[in-house]
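These protein sequence lines map, in sequence, to chains U and Y. Counting from 1, position 373 in the first sequence corresponds to residue 373 in the numbering used here; the numbering is continuous, with no gaps. Counting from 1, position 219 in the second sequence corresponds to residue 1219 in the numbering used here; the numbering is continuous, with no gaps.
These aren't lab readings, by the way, just hints derived from the structure by calculation. Incorrect hints may appear among the rest.
Simulated crosslink set (DMTMM-like; lysine to aspartate or glutamate; CA at most 25 Å straight-line) [said to hold, decoys possible]:
#	chain 1	residue 1	chain 2	residue 2
1	U	K329	U	E8
2	Y	K1114	Y	D1160
3	U	K292	Y	D1072
4	U	K292	Y	E1082
5	U	K172	Y	D1183
6	U	K285	U	D381
7	U	K373	U	D257
8	U	K129	Y	D1068
9	U	K89	U	D147
10	U	K129	Y	D1065
11	U	K172	Y	D1013
12	U	K285	Y	D1013
13	U	K292	Y	E1129
14	U	K129	Y	D1135
15	Y	K1192	Y	E1143
16	U	K292	U	D199
17	U	K303	Y	E1250
18	U	K285	Y	D1183
19	U	K32	Y	D1013
20	U	K129	Y	D1183
21	U	K303	Y	D1164
22	U	K292	Y	D1035
23	U	K285	Y	D1072
24	U	K292	Y	D1013
25	U	K158	Y	D1066
26	U	K292	Y	E1049
27	U	K285	Y	D1127
28	U	K292	Y	D1066
29	U	K303	Y	D1065
30	U	K172	Y	D1165
31	U	K292	Y	E1163
32	Y	K1114	Y	D1135
33	U	K89	U	D104
34	U	K32	Y	D1164
35	U	K292	Y	D1160
Since the model is a prediction, treat every value here as computed from it, not as a measurement.
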Amino acid sequence: MQAWYLNENPYPFVPPHVLEAADSVRGSLPNKYCDPKQAADLFEEALDEYLLCDDLGINVVSNEHHAGINCLFGASPLILGVLARQTKKVRVLSLGTLITVRRDPVRVAEEYAMADVMTRGRLEIGFVKSGGSEMASGNANPIGIVDRFWEAIDLILKTLSHREGPFSWEGKYFTHRHVNIWPGPWQQPHPPLWAATGDPTTSAELGRRGIINVMVFRSIEETQRAWGAYRQARAQAGLPPPGPDRFGHTAFVYAGDTDEEGIRVGSKLLWFLNTGLRSAPQYGKFLPGAIKPEAAPGLYRTKPRPGTPAVARPAAALIGLTAEQAIAKGLMFAGNPDTVYRQIKEHQEKVGPYEHLVLASRSGFMTHEEATKGLKLFAKDVLPRLQVL
Amino acid sequence: MGTPELLRLHGLDLELLRRGSGPPLVILHGFAPLDPQAPVLDLLAAHAEVIAPTHPGFGHSPRPDDFDTVYDLVRLYLEVLERLPFEKVTLMGLSFGGWLAAEMAVSCPHRLEKLILVDAVGIKVSDRETPDILDVFNTAPTEVRRRSWHDPGRWAPDYDAMEDDALVGHARNRDALCLYAWDPYLHNPQLKRWLARIAVPTLVLWGASDGIVKPDYGRAYSALIPGARFELIEAAGHHPEIEQSAAFAERVVAFLRH
């Protein structure tokens, strides 16, 4: 198994009374509540953690969100540029530039090709659909997002792999008549591909394309459903069954000296769910295209009716979880190193083997020192045992 | 009475409400299709033959996958005008439908007898940092509700009271509007310069309490159409045809007879 470190670099220092009064911590909260000096410290700490991972043999993940306290990394390519130069050994995953929000996939491919060359082939490319407040902050139409996602991927892959001079693309969502990037990527025809989704329809398409399917804070049942769709789609297409290297899981992970410390410090990670996910209804259940219209009765009504069960979007089910609940759902692995190892092993027995574990191991008010300690302990006493799994 | 019929053209089934007799009045709806039970329909149908299509994607009207722009809607309705057995019709557009009606009026003025725009969107009036039209997608639903109606407590939809079918329709309406009008938001930057082509008698009606597009926007819209008359309807928001159906119908009928 390979471990990947993800710090979304949230900004937890907004006064509680401001957060309580705000309808959303994403999309609409004024940036006057973000002190650039504190933000600079957070960037420095996060990048130091990534460099520590380079020494520890933990791969690193750069992601991107916009206009919210949940993530100060507003541009994955910028962080990739730093990591490309400063890390030396580990693989670097972008998970990812928000391709449903960016207007020009060719530019995205160009940035990825540069990062792959600068890392001399250590880049991995992840695709995420994004959604919710990202549509507002990116001025991107939430309708048609899935088709736009796939067309962007097709154009990015053709841009990365095309070697013979300009080609033309006149698609439904993107047109670019003269595509020709310099340099092309180090890895041919392109770096390894990932996508984050728990949606079985999208997972099935990932299966047909052989793209790594990583879950981000998905329950055991959701994971089984998505990976089942992945396997089934491959079987139906007459493709060989996927190996464990096609699957990844993202969880809050914290190893402490004792179970007590692991849970106590690890619980700080749940800030991401309990504070960082809070979003206004216009970015959630009333976002056009967020649900199929047929699900509207269960979602729109405040008082569910018999026969029409209430419908909740996946994120809504995550808010308010305790550490015990998160551990039971496979969303969190926390305790002493033996416990963490056992929890991961048990989780694999339930959802099936997966090669990639993404460690969301710093969030909320967890300090840099706490995160560093947890990472070192994980690398010393958990990772070696996982690598022989 | 009230069951919509289907008009088949160019591979799509367009839902149409037809009611009454008299001079033909084609109504293009706004954020939601006209409710077949809405009092305004009968009030108008006493004086005109009302023909009210449901835009593809809204209500129960199917939408082909590649039918997804205002351009498609405008072409579709120009085709509908060709198919109708009338030399000319009066065209009324409400809100989003007002945008479509204005586009049709500049494209094909010779098919129109008269034009009525009601709390219409479709143009950019103010400077680049002043939105003319409330962003109904990115604004809190409570604020959208407050600004849509003169009396939201009486008229705003109550999701808990609505039947399943109505809620599904409501979600389809919102998705379809978003598809057609997300960007540029509810307007065509090029339309304003062509409004001078509208050479038919035009009435611009506006709810005095409209907080989605304010009356001053309506006045500016009206001023760009040669000879257009601007009238306010008191105690009505963005949907005067619902909140003040009698006063609304009275203004429309007076204009039709004028």
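Against the structure, the hints come out as follows:
1. U:K329 - U:E8: holds (21 Å)
2. Y:K1114 - Y:D1160: violated (40 Å)
3. U:K292 - Y:D1072: Answer holds: K292 of chain U to D1072 of chain Y is near 23 Å, not above 25 Å.
4. U:K292 - Y:E1082: violated (35 Å)
5. U:K172 - Y:D1183: holds (15 Å)
6. U:K285 - U:D381: violated (42 Å)
7. U:K373 - U:D257: holds (9 Å)
8. U:K129 - Y:D1068: holds (21 Å)
9. U:K89 - U:D147: violated (36 Å)
10. U:K129 - Y:D1065: holds (20 Å)
11. U:K172 - Y:D1013: holds (24 Å)
12. U:K285 - Y:D1013: violated (30 Å)
13. U:K292 - Y:E1129: violated (34 Å)
14. U:K129 - Y:D1135: holds (23 Å)
15. Y:K1192 - Y:E1143: violated (28 Å)
16. U:K292 - U:D199: Given that 25 Å is the threshold and the Cα spacing comes to 13 Å, the pair holds.
17. U:K303 - Y:E1250: violated (39 Å)
18. U:K285 - Y:D1183: Judged against 25 Å, a Cα distance of about 21 Å means the pair holds.
19. U:K32 - Y:D1013: Status violated; Cα separation ~51 Å.
20. U:K129 - Y:D1183: Given pair K129 of chain U, D1183 of chain Y holds - Cα atoms ~19 Å apart, limit 25 Å.
21. U:K303 - Y:D1164: Holds, because 13 Å separates the two Cα atoms, which is no more than 25 Å.
22. U:K292 - Y:D1035: holds (22 Å)
23. U:K285 - Y:D1072: Cα-Cα ~28 Å, so violated.
24. U:K292 - Y:D1013: holds (21 Å)
25. U:K158 - Y:D1066: holds (24 Å)
26. U:K292 - Y:E1049: Given pair K292 of chain U, E1049 of chain Y is violated - Cα atoms ~36 Å apart, limit 25 Å.
27. U:K285 - Y:D1127: Roughly 32 Å between the alpha carbons, so the hint for K285 of chain U and D1127 of chain Y is violated.
28. U:K292 - Y:D1066: holds (19 Å)
29. U:K303 - Y:D1065: Given pair K303 of chain U, D1065 of chain Y is violated - Cα atoms ~34 Å apart, limit 25 Å.
30. U:K172 - Y:D1165: violated (32 Å)
31. U:K292 - Y:E1163: Judged against 25 Å, a Cα distance of about 17 Å means the pair holds.
32. Y:K1114 - Y:D1135: violated (30 Å)
33. U:K89 - U:D104: Roughly 31 Å between the alpha carbons, so the hint for K89 of chain U and D104 of chain U is violated.
34. U:K32 - Y:D1164: Violated, at about 43 Å.
35. U:K292 - Y:D1160: Cα-Cα ~19 Å, so holds.
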